[in-house]
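Chemist: Take the sequence shown: its position 155, counted from the start at 1, is 155 in our numbering, and no numbers get skipped.
Honestly, the hints are just simulated from the structure, not real lab data. Fair warning: this is a prediction, and the values are worked out from it, not measured in the lab. Possibly wrong hints are sitting among the right ones.
Unchecked claim - EDC-like cross-link-like pairs, simulated, lysine to aspartate or glutamate; straight-line CA separation at most 16 Å:
id : residue 1 : residue 2
1  : Lys70     : Glu91
2  : Lys74     : Glu52
3  : Lys154    : Glu217
4  : Lys232    : Glu144
5  : Lys199    : Glu175
6  : Lys70     : Glu95
7  : Lys232    : Glu195
8  : Lys232    : Glu194
9  : Lys55     : Glu91
10 : Lys139    : Glu228
11 : Lys42     : Glu84
12 : Lys232    : Glu217
13 : Lys139    : Glu175
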Amino acid sequence: MPKRRPWIIMMLCAALLAVGALRGAYAEPAAGRTEPNTTVRKFQMTSGKLYELVKYGNRQQSYYALRDTKMWLKQPALRMLGTEEGWSALEKSLERGERAFTIAGSGSGDNGLTVAASQIRLASDALANPDSPLWQEYKGIVLEDLGRLSNAWKSRLDGQGGGSEGHAEMSLLAEHWTLLKPAALMTRPRQTVEEVEEKVGYTARLLQHANNEHFHEALTMQAIQSLESSMKGLFEFGTINEKPVIAADFPAASPPFWIYVIVWFVSAVLALVGWRNYRGGQNGVLIYPRKKQPEQKLGVVRK
Numbered sequence: 001m002p003k004r005r006p007w008i009i010m011m012l013c014a015a016l017l018a019v020g021a022l023r024g025a026y027a028e029p030a031a032g033r034t035e036p037n038t039t040v041r042k043f044q045m046t047s048g049k050l051y052e053l054v055k056y057g058n059r060q061q062s063y064y065a066l067r068d069t070k071m072w073l074k075q076p077a078l079r080m081l082g083t084e085e086g087w088s089a090l091e092k093s094l095e096r097g098e099r100a101f102t103i104a105g106s107g108s109g110d111n112g113l114t115v116a117a118s119q120i121r122l123a124s125d126a127l128a129n130p131d132s133p134l135w136q137e138y139k140g141i142v143l144e145d146l147g148r149l150s151n152a153w154k155s156r157l158d159g160q161g162g163g164s165e166g167h168a169e170m171s172l173l174a175e176h177w178t179l180l181k182p183a184a185l186m187t188r189p190r191q192t193v194e195e196v197e198e199k200v201g202y203t204a205r206l207l208q209h210a211n212n213e214h215f216h217e218a219l220t221m222q223a224i225q226s227l228e229s230s231m232k233g234l235f236e237f238g239t240i241n242e243k244p245v246i247a248a249d250f251p252a253a254s255p256p257f258w259i260y261v262i263v264w265f266v267s268a269v270l271a272l273v274g275w276r277n278y279r280g281g282q283n284g285v286l287i288y289p290r291k292k293q294p295e296q297k298l299g300v301v302r303k
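Whenever a hint applies, use it, and build me the whole structure from the sequences.
Modeler: Here it is as structure tokens:
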């Protein structure tokens, strides 16, 4: 039976290590991309179902859909996406929806439930479609609100009234902003969102004191213009030189490139050591090519 050669086994092991490294380089990143995409899509479907049930007044099924949404908010893989502020806002939206079911009466809490379902739907869509989120479509609506508010206030400054219209448009703008805020927090820097939030509140407070005799009407016009500028910046953020603050994908399980280099290096060293061990002999016995022996006949060596 021929003697086993350890160096052959060592070279085979080295080759298997190299193949395993290559498989890891291509297979693991792909697996890292699949899991989060599947998770966020399921969350989007659940929130979409909740929105549709609330929209059509199916209160009983809405309760179960809201419960399922709450379970999704606890998924660690899902919370790796978005921002901490965005998830905090979503939790508040969920609490708003839960409170709507505790209010007595058939329709008493419907408005709160509708707002909560809309907020969750827009935020989940922002996670699933960071490049073209649904909440971006509100840009035209919000800017139209601001335009009507600005025109109403200009009419007031010209002595044509319009104070009541300004209050109505500001109220509508605030409602739209309430729907958008959680989604904006998921995909925009906290400072940018807080700037809009502060200016919405500040402008609303100015309008509340519009009939005060010591009120500076020009200050309100400046606040409206400043709010419009910040709102445009919120929607246009990331379209030129900046990028949205969102984890676009789950961290890949792929090891860094230097690990593959080390694997190849170790494989080469093992192969070299095995070959030299074979050429140099084992256990102190040198192996050389067999020398040609003189012909022998009848035990006599011919010279």
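Chemist: Each of the hints needs a verdict: does it hold here or not?
Modeler: Each hint tested on the structure:
1. Between the alpha carbons of Lys70 and Glu91 the distance comes to roughly 8 Å, so the proposed pair stays at or under 16 Å and holds.
2. Taken as a hint, the Lys74 and Glu52 pair is broken in the structure, with Cα atoms around 22 Å apart against an allowance of 16 Å.
3. For a cut-off of 16 Å, the pair hint linking Lys154 to Glu217 stands: about 10 Å separates their Cα positions.
4. For the given pair, Lys232 sits about 12 Å from Glu144 by alpha-carbon distance, which is consistent with the 16 Å threshold.
5. Taking the CA atoms of Lys199 and Glu175, the gap is near 14 Å; set against the 16 Å cutoff, the hint holds.
6. Simply put, Lys70 and Glu95 have alpha-carbon atoms about 9 Å apart, close enough for the 16 Å limit, and the pair holds.
7. A C-alpha spacing of about 12 Å is found between Lys232 and Glu195, which places the hinted pair at or below 16 Å, so the restraint holds.
8. Under the criterion of a C-alpha separation no larger than 16 Å, the hint pairing Lys232 with Glu194 is consistent with the structure, at around 14 Å.
9. Simply put, Lys55 and Glu91 have alpha-carbon atoms about 21 Å apart, too far for the 16 Å limit, and the pair is violated.
10. Between Lys139 and Glu228, the direct Cα distance comes to roughly 11 Å. Compliance with the 16 Å bound is thereby established for this hinted pair.
11. Annotation: proposed proximity of Lys42 to Glu84 is violated, straight-line Cα distance about 20 Å (limit 16 Å).
12. The suggested pairing of Lys232 with Glu217 is violated, with an alpha-carbon distance near 23 Å, which exceeds 16 Å.
13. Proximity of Lys139 to Glu175 is assessed by CA-CA distance (about 14 Å); at most 16 Å being required, the pair is judged to hold.
In summary, the structure is inconsistent with hints 2, 9, 11 and 12 from the numbered list given earlier, while agreeing with the others.
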